[in-house]
Amino acid sequence: MADLMKQSPYGVFLEHCKKGELAYQVSDGKAFFYPRAVAPVTGSDKLEWRVSKGLGTVYSTTVVYTKDQPPHNVALIDVDEGFRMMSRVEDIDPLQVKIGMRVKVKMHPGDEKQPTYPVFTPAGGGK
Amino acid sequence: MSGLKRGSVAVVGAAESDLGQVAPHTSPVDLMAQATMRALDDCGLKLSDIDGVFSAATQVRTAPMTLSEYLRIKPRYFDGTTIGGSSFMTHVAHAQAAIEHGLCDVALIAYGSTQRSVSRAAASPREPNPYENPYRPFMPASAYAMAAARHMHQYGTTREQLAEVAVAARKWALLNPKAWEKEPLTVEQVLKARMVSHPFTVRDCCLVVDGGGAIILTSAARAKSLKKKPAYVLGVGESLSHAGIPSMPDLTVSAAAESGPKAYKMAGLKPSDINMLSLYDAFTITPILFLEDLGFCAKGEGGPFAASGAIAPGGKLPVNTSGGGLSYCHPGMYGLLVIIEAVRQVRGECDKRQVKNCETAIAHGNGGVLSSQCTVILGGASTV
Chain B
5 MADLMKQSPY
15 GVFLEHCKKG
25 ELAYQVSDGK
35 AFFYPRAVAP
45 VTGSDKLEWR
55 VSKGLGTVYS
65 TTVVYTKDQP
75 PHNVALIDVD
85 EGFRMMSRVE
95 DIDPLQVKIG
105 MRVKVKMHPG
115 DEKQPTYPVF
125 TPAGGGK
Chain Y
28 MSGLKRGSVA
38 VVGAAESDLG
48 QVAPHTSPVD
58 LMAQATMRAL
68 DDCGLKLSDI
78 DGVFSAATQV
88 RTAPMTLSEY
98 LRIKPRYFDG
108 TTIGGSSFMT
118 HVAHAQAAIE
128 HGLCDVALIA
138 YGSTQRSVSR
148 AAASPREPNP
158 YENPYRPFMP
168 ASAYAMAAAR
178 HMHQYGTTRE
188 QLAEVAVAAR
198 KWALLNPKAW
208 EKEPLTVEQV
218 LKARMVSHPF
228 TVRDCCLVVD
238 GGGAIILTSA
248 ARAKSLKKKP
258 AYVLGVGESL
268 SHAGIPSMPD
278 LTVSAAAESG
288 PKAYKMAGLK
298 PSDINMLSLY
308 DAFTITPILF
318 LEDLGFCAKG
328 EGGPFAASGA
338 IAPGGKLPVN
348 TSGGGLSYCH
358 PGMYGLLVII
368 EAVRQVRGEC
378 DKRQVKNCET
388 AIAHGNGGVL
398 SSQCTVILGG
408 ASTV
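Heads up: the protein sequence lines correspond to chains B and Y, in order.
Okay, so the first sequence: first residue is 5 according to the numbering used here, each after it adds one.
Okay, so the second sequence: first residue is 28 according to the numbering used here, each after it adds one.
No lab work stands behind these hints: they were computed from the structure.
One should not assume that every hint holds.
Stated by the list, open to error - Below, simulated DSS-like cross-link-like pairs (lysine-lysine); rule was C-alpha separation at most 25 Å, straight line:
| id | chain 1 | residue 1 | chain 2 | residue 2 |
| --- | --- | --- | --- | --- |
| 1 | B | Lys-71 | Y | Lys-219 |
| 2 | Y | Lys-32 | Y | Lys-198 |
| 3 | B | Lys-102 | Y | Lys-219 |
| 4 | Y | Lys-383 | B | Lys-102 |
| 5 | Y | Lys-255 | Y | Lys-383 |
| 6 | Y | Lys-198 | Y | Lys-383 |
| 7 | Y | Lys-383 | Y | Lys-205 |
| 8 | Y | Lys-198 | Y | Lys-219 |
| 9 | B | Lys-23 | B | Lys-117 |
Unchecked claim - Computed, partial: chain Y to chain B, Cβ under 10 Å:
| id | residue |
| --- | --- |
| 10 | Tyr-158 |
| 11 | Pro-161 |
| 12 | Phe-227 |
All values reported here derive from a predicted model rather than from experimental measurement.
The C-beta atom is built at its ideal place from N, Cα and C for all residues, glycine as well.
Assemble the whole structure, with the sequences as input and the hints as a guide.
Take a look at the structure:
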């Protein structure tokens with residue numbers, strides 16, 4: 005069982021982010037995301053942290069329009085190791101982010117309010 | 028919900044509070060209380076008859092407690108299940124269970140919101156989520172937009188077909204004097220409106236208005252002696268599939284595919300037995316998903332089905348005859364008003380928008396980001 009007096013699931017995830025790593029957990033051979041203190045379904049305390057190779061495919065995508073800011077992408081990424089996460093695909097016109105597009109992770113540095121977090125960029129390939 | 032008995036309870040009173048833009052400083056509980064008294068008047072019961080209180084609201088964290096204090100009633104039974112807009116469908120199921128077990132005799136379900144007056148951000152603050160907040164999704168619209176994008180990708184659904192859902196809702200709204208929207212709407216206008224979260228423009232999204240409602244349920248036996256025709260609860264089904272949109276297994280299949288069959292089984296009915304549908308239309312994609320998942324058309328065919336005119340006035344399947352959350356009223360958690368329209372259709376009270384010989388209706392609730400799906404099937408006297 006994770007010792008929540010010592011470290012939290014998000015705390016560990018964030019430490020990996022600071023090292024440029026997209027971390028996820030595996031239990032009984034199944035990957036899951038977001039990180040948890042207990043494995044879903046089984047309730048197992050055998051949680052193994054792993055670092056993703058950082059490649060994935062866009063499962064779905066939208067472009068958010070807000071006042072006084074350029075439109076930005078929000079996407080759901082199916083990461084190759086077998087979990088889905090929300091993220092953003094950068095370095096491309098947000099409307100050109102397409103379902104099926106291959107993407108790779110990079111760390112966004114964040115700012116004073118927002119700690120570093122994973123985003124994606126086009127990796128080439130896919131459809 | 029096996030264990031509940033088909034037709035054991037009925038909705039006997041139903042009413043909206045004032046809707047639209049209420050006076051400054053009106054509280055959500057003011058609206059709940061106003062709707063409660065209107066619903067009691069609708070059935071001829073008194074405040075002192077209520078011994079079960081069911082409520083949920085984004086602006087009132089302890090809704091059953093706060094409403095009971097306001098009305099100075101001491102319910103024997105209360106339930107504040109809060110799972111978004113479908114909360115009130117679960118309240119119907121839970122009230123039925125409580126009435127069947129003698130835990131209460133007269134159940135009040137109430138809701139109120141002043142989200143137009145105080146702003147949506149103030150009425151429904153987002154919970155912190157370090158795995159979503161950095162990406163600034165415009166929630167809940169962006170989650171539904173991604174469901175729509177996926178549906179378009181897999182089934183060829185088009186923005187025009189989505190827009191037809193909004194146009195059909197507007198046509199119904201023009202037949203409902205209580206509807207917020209009063210002007211006709213075209214597909215072109217939907218497509219050219221301000222983009223919110225692609226592929227949705229503001230016209231693909233539900234209204235942001237103030238309002239509330241209340242319904243009263245009691246046993247079928249007691250219902251027969253009250254003022255109006257009872258709307259019997261023939262079937263209920265509840266399902267939770269996820270909370271955040273990344274955890275939804277398949278964005279093109281909602282848990283209505285689970286809640287619907289549960290409700291049909293309890294009711295002993297199938298989709299072709301249903302005379303009208305009241306479907307939670309938070310966004311134009313949701314009626315499309317629910318028409319598919321509740322068995323009114325095959326998966327992937329919801330877009331062409333909506334675009335065929337089937338769900339508009341004069342179509343073969345009346346859907347959201349009030350004008351829905353898109354054009355009638357959407358005060359945050361809209362599910363209670365979804366039920367109220369179904370009750371009125373079964374009673375035959377809908378005047379210009381009345382569905383002929385409406386003896387069965389589905390009130391289907393959706394909560395969160397397609398997260399909770401709850402189906403209630405109501406029927407008139409001929410069904411029990």
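Regarding the pair Lys-198 of chain Y and Lys-383 of chain Y, is the alpha-carbon distance no greater than 25 Å? This hinted pair holds, its Cα atoms lying about 17 Å apart.
Taking only the CA atoms, is the gap from Lys-102 of chain B to Lys-219 of chain Y under or equal to 25 Å? Holds, at about 22 Å.
Are the Cα positions of Lys-71 of chain B and Lys-219 of chain Y separated by 25 Å at most? Holds, because 17 Å separates the two Cα atoms, which is no more than 25 Å.
What's the verdict on Lys-383 of chain Y and Lys-205 of chain Y, does the C-alpha distance respect the 25 Å limit or exceed it? Status holds; Cα separation ~20 Å.
Run the distance test for Lys-32 of chain Y versus Lys-198 of chain Y: straight-line Cα separation, threshold 25 Å. violated (37 Å)
Regarding the hint that Phe-227 of chain Y lies at the interface with chain B, is the smallest CB-CB distance below 10 Å? Result: holds, 8 Å to nearest chain B Cβ.
Hinted pair Lys-23 of chain B and Lys-117 of chain B, Cα distance within 25 Å: Between Lys-23 of chain B and Lys-117 of chain B the Cα gap is close to 19 Å, so the pair holds against 25 Å.
Report holds or violated for the interface hint on Tyr-158 of chain Y, using the least CB-CB distance to chain B and a cut-off of 10 Å. holds (5 Å)
Tell me if the straight-line CA distance from Lys-255 of chain Y to Lys-383 of chain Y falls inside 25 Å. holds (18 Å)
Going straight from one Cα to the other, do Lys-383 of chain Y and Lys-102 of chain B come out at no more than 25 Å? violated (45 Å)
Given the proposed pairing of Lys-198 of chain Y with Lys-219 of chain Y, does the C-alpha separation stay at or below 25 Å? holds (19 Å)
Hint check: 10 Å Cβ-Cβ cutoff, Pro-161 of chain Y to chain B: Hint on Pro-161 of chain Y: holds, closest Cβ of chain B at ~4 Å, below 10 Å.
Comparing the model with each earlier hint shows violations of hints 2 and 4; every other hint is respected.
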